[in-house]
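Student: Spelled out, the chains give:
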Amino acid sequence: MLKILYFARLRDEVGCSKELLQWQDHFASVNDIKTLLNQRGEPWQQAFSDNILHAVNQHVVQSDHAITDGDEIAFFPPVTGG
Amino acid sequence: MLKILYFARLRDEVGCSKELLQWQDHFASVNDIKTLLNQRGEPWQQAFSDNILHAVNQHVVQSDHAITDGDEIAFFPPVTGG
Amino acid sequence: MLVLTLDQITIQTEDFNVAQEHQCLLQDAPNIGAIVTFTGLVKEFTKDDNTSLFLEHYSTMTEKVLADIIQQAKQRWPIINSRIIHRIGHLQLGEQIVFVGANSPHRSDAFAACEFIIDFLKTEAPFWKKEITSEGESWVDAKESDRKTRERWYNFIESG
Amino acid sequence: MLVLTLDQITIQTEDFNVAQEHQCLLQDAPNIGAIVTFTGLVKEFTKDDNTSLFLEHYSTMTEKVLADIIQQAKQRWPIINSRIIHRIGHLQLGEQIVFVGANSPHRSDAFAACEFIIDFLKTEAPFWKKEITSEGESWVDAKESDRKTRERWYNFIESG
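As you go down the protein sequences, you meet chains A, B, C and D in turn.
In this text, residue positions in the first sequence follow my numbering: the first is 300, and each later residue adds one.
In this text, residue positions in the second sequence follow my numbering: the first is 300, and each later residue adds one.
In this text, residue positions in the third sequence follow my numbering: the first is 2, and each later residue adds one.
In this text, residue positions in the fourth sequence follow my numbering: the first is 2, and each later residue adds one.
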C-alpha cells in the first residue's frame, strides 16, 4: 500500500488530501505514480500539468526516485512559507 | 585658541585629557600641531610615535587637513568599541 | 554527527515572544559574542488590506526540513544555538509569522547562519500561504526572488 | 536630505532591553516585512575570566559618527527605521554591550543594513575598551579582522 498526500492548491484541485493506493509490482519510481494518476483524466491531468514537487517519505525527490511498498508520497506546489 | 583632546591609551601616556593651545598664525594643518606637540619631547614623542588618529571638530581627518582658530582637535588610538 | 534537540524548532498557531527567545540565546554567554535575530511579518497582500492569510504545512516533513537546514548551518558556521519558530493557521496583516535566531562567538557567523536559515526555510520548508478576502480565497504563488536569494549561497560556496 | 531623530542612537551605562527595542521596530508594521537585530556581548578577554571591561568614548563625536553610519545605511538600503544602543562604563563578562536593529520591507535589506551598521560602528565609532584585572589595567588593541570585515562592504559596492 502507498500513502498519497496532496497539499495546498493541488489538494483543492484534486479535491482530496489523502488516499491509499494498492501497491503494484510494476511500480518503480514516482513517475509510475504520476502516470497512473494522470490516466484518471480530470481534474488530475490539469492539476499535474502545473509545476509540482514530490516528496517520498518527507524528502523532496526527482520523479525518477525509486519507491517501495509502504512509502508515503506527497505532491504539492512550490512552497510559500516564511 | 585651539581645544586639544586626548583619549584612551594616548591620554594615559601624555597624562592629560584636554588642553587649550594658543592660536599661532603659521598653523595651517593638523601636521603643525603634531610637530609642535612632538617638540615638547617625552612623553609626547613616544605617544605620537604610535599609530594614532586625529579628528578636527569630531570628524576623522588626514594630517594635512586645514585647521582654523577655534577648532577642536582630538588625538586617539584606533577604536575598539562594539 | 550533530546533536539537534527538536525544541529548537516550533510550529505553532499562537504568536511568539521575541524577548523570551532572545533570553534563551543569551544563556550561552560568555561563550558567545553575538546574537542575531530575524522576525518576519505579514505584509504585501496582492489584494487589499482587508485580506488575511491562512498558512498550512506538511507537518512531518516540515520538522525534517528545518532540522536539516539547521544542521547545514551548523556545519558551515560555528554557531552555538539556533531557533526557528513558524506560525500556521490564520494571520492578519502586520502579525509576526516567523522567527529565526542564532548565536555564535563571532558576529559575521551569526549573521550568515541566521540569513542562511531563513533563505532556505523560504524555499524548502513545506508551508503554503492562502489569501482570504471577502470575495474568496487564492493560493499565493512562490516568488522567483526567493529562489534567486537562495542561489547566492551556492555561488558563495563555490567562490569562497 | 534624510531626517534622523537622535533617539535612534543611545549611549548609556545601564543595560538595555532587547524586547522593548524589538517592540519599537514592530511599530512600522505593516509597512515592513522584516526586523533584524544584532546584540553584542562581552567575551574573549586576553587575560582571565575575572577581568572586567571599562569603556570610554568621545561623546560629541560618537553621536556624529553613528548618525552618519545610519544615514549611509539608509542611502544604500530601503530600511524604515534603525536603532543603535552602545553601553559605556564598567561591564562584566557575558553582559550585553551593543545593540543594532533595522527593519525594512524586505529581509535581505534588513540583514545588510544591520550588519553594515555594526561593522562600521566597530571600526569608526570612537569607543575604547580597557581590561581591568587584579594586576592592573590595559587598553585593548584594535583588531585587524574588524578592519577587513569593513573592507568587504567597499568590495561589495565596487563589484555590485
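By construction, these hints were calculated from the structure, which means they are not laboratory data.
All figures in this text were calculated on a predicted structure; none of them were measured in a lab.
Warning: the hint list may mix true and false statements.
Computed Cβ-Cβ distance ranges for the label pairs, DEER-style [stated by the list, open to error]:
1. 349/B <-> 91/D: 49 to 55 angstroms
2. 323/A <-> 91/C: 36 to 42 angstroms
3. 9/D <-> 328/B: 46 to 52 angstroms
4. 137/D <-> 319/B: 28 to 34 angstroms
5. 138/C <-> 325/A: 38 to 44 angstroms
6. 300/B <-> 139/D: 20 to 26 angstroms
7. 323/B <-> 91/D: 20 to 26 angstroms
Built from N, CA and C at the ideal position, the CB exists for glycine as well.
Student: Work down the list of hints and note, for each, if the structure agrees.
Tutor: Results for each hint:
1. Evaluation of the 49 to 55 angstroms hint for residue 349/B and residue 91/D yields a failure: the beta carbon distance comes to about 26 angstroms.
2. Checked against the given bound of 36 to 42 angstroms, the beta carbons of residue 323/A and residue 91/C, roughly 41 angstroms apart, stay inside it.
3. For the pair residue 9/D and residue 328/B, the beta carbons lie near 34 angstroms from each other, so the given range of 46 to 52 angstroms is not met.
4. Range check, residue 137/D to residue 319/B: Cβ separation about 32 angstroms, and the 28 to 34 angstroms hint holds.
5. A hinted range of 38 to 44 angstroms holds for the C-beta pair residue 138/C and residue 325/A, which are about 39 angstroms apart.
6. Judged by the Cβ atoms, the range 20 to 26 angstroms given for residue 300/B and residue 139/D is violated: they are separated by roughly 34 angstroms.
7. Between residue 323/B and residue 91/D the beta carbons are some 41 angstroms apart, a value that contradicts the proposed interval 20 to 26 angstroms.
Of the numbered hints stated above, those contradicted by the structure are hints 1, 3, 6, 7, listed in ascending order.
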